[in-house]
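A.B. asks: What follows is the residue order along each chain.
Number of protein chains: 2
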Amino acid sequence: MENDRSKILTESVKRLLRRNALSTLRKIVNKSHAADLSAVFSYLPLADQHKLFNLLDDSESRGDMFSYLGEDHLMAFIQDMSTEEIVEVLENVPTDDVADILGRLPADQADAILQKMKKEGSEEVEGLLSYGDDTAGGIMVPDFIAMGENITAQDAIASLQKEYKDVEMPFYLYVVNEDGKLVGVSSLRQLVVVPPGTRLNELMATDVFYVQTDMDQEEVAKIVARYDLLAVPVVDDHHRLVGIVTVDDVIDIFRQEATEDILKMAGVGDEFIETQSVLRSTRIRFPWLFASVMGGVLAFFIIGRFEESINKMTFLAAFIPVIMGMGGNIGTQSSTIVVRGLATGRLNTRDIWVVVSKELSVGLILGLIYGTLVGAVAQMQHSIAMLSLAVGLAVISSMAIAALVGSFIPMAFARVNIDPAVATGPFVTTAIDIISVFFYFKIATTLLGI
Amino acid sequence: MENDRSKILTESVKRLLRRNALSTLRKIVNKSHAADLSAVFSYLPLADQHKLFNLLDDSESRGDMFSYLGEDHLMAFIQDMSTEEIVEVLENVPTDDVADILGRLPADQADAILQKMKKEGSEEVEGLLSYGDDTAGGIMVPDFIAMGENITAQDAIASLQKEYKDVEMPFYLYVVNEDGKLVGVSSLRQLVVVPPGTRLNELMATDVFYVQTDMDQEEVAKIVARYDLLAVPVVDDHHRLVGIVTVDDVIDIFRQEATEDILKMAGVGDEFIETQSVLRSTRIRFPWLFASVMGGVLAFFIIGRFEESINKMTFLAAFIPVIMGMGGNIGTQSSTIVVRGLATGRLNTRDIWVVVSKELSVGLILGLIYGTLVGAVAQMQHSIAMLSLAVGLAVISSMAIAALVGSFIPMAFARVNIDPAVATGPFVTTAIDIISVFFYFKIATTLLGI
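Taken in order, these protein sequences are the chains called V and F.
Using our numbering, read the first sequence as starting at 2 and increasing by one per residue.
Using our numbering, read the second sequence as starting at 2 and increasing by one per residue.
Same chains, same names: a pair is fine if it fits in one copy or spans any two.
In silico DSSO-like cross-links for lysine-lysine, where the CA-CA straight-line distance does not exceed 27 angstroms:
| hint | residue 1 | residue 2 |
| --- | --- | --- |
| 1 | K182 | K120 |
| 2 | K182 | K32 |
| 3 | K8 | K359 |
| 4 | K163 | K119 |
| 5 | K359 | K15 |
| 6 | K313 | K443 |
| 7 | K15 | K32 |
| 8 | K117 | K52 |
| 9 | K15 | K52 |
| 10 | K8 | K32 |
| 11 | K52 | K32 |
Hints were generated in silico from the structure; no laboratory data involved.
Please model the entire structure based on the sequences and the hints provided.
C.D. replies: Here it is in structure tokens:
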């Protein structure tokens, strides 16, 4: 349904642009949800993007566009705007998004914009920018409902009607003491069902889940998910309430972190930037492939030492791919399971021996099955019992050791606080390549006496 | 913070169990959040799990435990309970969770439980069970706030205080007409700020995002994420409101789908079941490895045809690992990027030619770099110019073709609606193995005239 909506809208917009049907475009553009419109932008040249943007009537919609445009599209879009124009749109963008955007611009441009913003707005943004990007402080919204503990339910409701009319996510009502410290939480629904004169500190829940400003965003996301919250309050060192992290941002964090892990495991960097240039993509992928070529070169030297044996029995070479391939694939399976298990909390570094022994068992069983299969193929082709046995044993040892190594390495890395997703790939691949090849030739030359 | 809380609680509970300090345990268990307690369960033997469970004083907490215990733990836990005991707990479990649980039990046990449940509850559950597991109907909660369009704001608030006192997520108020069809949406906050006599159909928003009962859960999740909703209403064929999907379930769906994709790409099935037996794990991983061994065996036959050439120049064999390895790794990078890009909506099948040509370019550049490197190693070791050239060219062609194949195959699969995550692995790996080996020997034998 999402793709169809997007597709239909994109086609309509493109058609109307070709015909320069501006008044129809204006209607469509003002009727569309910002999320849908921003999807269309990615299919249009910059000039058309600006044309559409300028057809938006109210400043709130323009602000929304800035929030919904993906990072790379937004950066390109902004280039063609003057500082004043940018500031004007940013007035209608939530503070945390403004901080995000400014954080990605060159420092001088960001400063110029901050200068021109109204003092109150720029102070809030600068406050947010002072926190690390991927921390609770960096992702929080300073836009929340907080009231004093002695206020009555009746006055609280009245306050919501006046003061907090435009708050984005008004579900939780945080209760603070005179010093601004977080002491409890309530909700609009609670206010509505209690006697009007009840004080907040009589009806609030006091064991509030909260996070500190310096907590890693992934940890924050896990807390929101674990306890089914809609938002989690963020406090500073003095336990003063300074912001909230809302569930919609948490969804984005999980998707981001999943993408990050997936890309890291394949050695493709940690960010998905589809407009990334060929050169940049090349540069990002170079290191991981370098570790891989090291493994290949080492394998080359190992095989080189067995040159005489290959001379005597040339078909030994034909089995290299299948033995390495089986080892490599099962090793990838093991490391994928462990890395993902650790990431989702399903596995814990405490489980290291249970997991590794289980993987070893699986490696042995599958190695036995496939070792027999490949050994049978060898026997059919060459009818040399010792060769078939050697090939079969090589497959078994390659797969068993690969499963062992593939599960052990990420666990070990996690134990010493190294990100298993990024470190595992090259180490596991290289180790398995070398081990498989070495064991193969050692077993083969021993059994065949060459 | 999460791990520490869990760890501390687990250690305390274990210690108290050893000392059989039941009254202290009772206090702790009734103070803890169900999510934290369920994490502890996974470290205790079944007998202790039941001991703790029976220390829970109120039925609501027991119901919460059922919702938070992971699937496999819950199934094991339930085995030791009588049907009556299970039914009693289920009375306090949200209907959608009850449906999930019953859906996983053997049919006869599920039926026995449904029989014993109060008619009203079991009807609701059976209704949910009639929908496919991974559809909107299968994950929705039938627990929502819906009111007639002619009701006034004042009466709506009163209704919330009485009728809807226990609704879990009371943020959106859905407005229905006499036939129960969804016509608009509002919120408690809106009710509070408008004049009390306003009718719902005067203040509601009419362009409501909604989904049909048969929509795939992943599509539902994407809609909730895209438009920053807290819940999305689910309608049946007649546009009658039958349930809602809440944002906390959406978070779980995203994590689940990410895990699914990650595991599928490595050929490890699509579910993460950590207590999975060795045999089950073996059985799940067997097919993907089978496709892989097919590629290896084919490579074996291809190399077999070049036996004579290897006889003449044995060190040809030593380069097989590095050439295949480089191809395999860059192919994995390309397919990972495409599969994840498609999954997150960053890439679209429309982009197929842009993406494939970009990947081909990256493959050529990296191939050139590494081809030169490996060719240099060959030259240092053997000083045979033609060999070094052949090896270098083989690396370039292997990597370029791998990037091409690695990006093309998932795109093509997605185009014809085959899940790229599961199909890509074996096809890409096998194709690259065979192509790399074939091109290598063809190039080498041609250049070296053997």
